[in-house]
Amino acid sequence: MAITQAGPARTRPLAGSPWPAFIARRAVSFVVSLFVIVTGVYFMSRALGGDAVRASAGPFADPAFIAQRRAELGLDESVFVQYVTYLRHIVTFDFGESISLRRPAIDVVMEQLPATVQLGLLAFIVAVLIAVPLGMMVAARSRRREGRASAFHFGTGLLASIPDFLIAISLIAVFAITLRWLPPAGADSPDAIVLPVATVAIGLAATLSRIVYIETSRILKEDYVRSARAMRLPWHILYGKHVLPNVLTATITFAGLILAALMGGMIITETVFAWPGIGRLVTTSVQNLDYTLLQTVGLVIAVITLSITFVVDVLLALLDPRSLIVGS
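Quick note: the sequence shown, position 147, residue 673 per our numbering, numbers continuous.
Hints in this document: simulated from the structure, not taken from any laboratory. No false leads were mixed into what you were given.
Label pairs and their computed distance ranges (CB to CB):
1) L685 - R744: 17 to 25 Å
2) R580 - V700: 37 to 45 Å
3) A550 - R629: 33 to 41 Å
4) E598 - T810: 18 to 26 Å
5) A686 - V610: 41 to 49 Å
6) A587 - P689: 34 to 42 Å
Positions of the beta carbon are idealized from the N, C-alpha and C atoms, including for glycine.
Please model the entire structure based on the sequences and the hints provided.
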């Protein structure tokens with residue numbers, strides 16, 4: 527009888543790895559959250575009331591045309607039937623037609639989306655570039671003088687609590703009307719983005735700098751930092767190599783969540799500055815009772831915010847592998 531000898535066992539790189547389960551949990555959370563948001567936006571848009579077709583066609587439109595248009599859009603069905611039809615269509619990437627503009631709603635949103643992304647990312651970058659060094663500097667210096675930390679907390683708390691529309695109006699009054707340095711609204715020139723970015727970045731930088739301060743103060747009390755300080759390392763090595771990476775781990779969490787919320791929360795800023803983004807598109811779709819357009823805007827914002835949250839979770843898992851098991 528021939529005896530065959532088994533060869534070496536094949537290795538499976540992902541066997542025993544927590545990554546597949548982690549990605550699966552995040553994917554399920556993504557889908558469930560998207561479904562809840564889409565459903566909420568759908569029924570809230572229908573709660574606006576009114577006749578969307580008549581609002582877009584005008585008060586003197588032919589009743590026969592109104593009835594025909596409603597039938598074309600499926601608005602003559604019950605709200606629940608329309609909801610089921612809407613879910614069935616978005617699964618096939620059919621987002622419907624804008625009632626007021628009579629164009630594919632997704633095309634309208636995608637035309638405005640780059641302006642919102644540009645504004646949000648620039649504001650986020652400016653806020654991070656201000657918040658990280660400011661928070662770390664105050665934390666480092668407040669170890670000897672507590673008064674500096676008190677003034678820092680008061681100032682950042684005040685800036686973070688000021689509504690965006692009040693910041694926007696103040697910036698317009700000073701830099702557009704009084705000094706005439708910058709345009710008050712629109713997007714006709716490159717410098718038109720300065721005031722909108724400043725409006726969004728001021729409150730964001732104040733919030734992030736407080737987070738950086740808290741994390742830096744905590745890390746400076748760790749034993750390994752005290753040991754590094756006792757070795758009289760240069761300050762740029764001490765803070766750049768030992769403090770900053772650990773500060774960024776916690777800051778990425780909050781910054782990512784804030785960025786996700788920021789992408790869907792610039793309606794006021796875009797309206798005040800007449801910035802051609804999807805935030806302003808929300809206002810016009812509500813005014814026109816354009817359900818389809820409003821639902822598509824909500825869907826796109828939800829996908830963006832949930833995608834940012836997903837990326838942040840993955841980055842944190844790479845920085846801190848313990849979250850692969852602890853995270854749910």
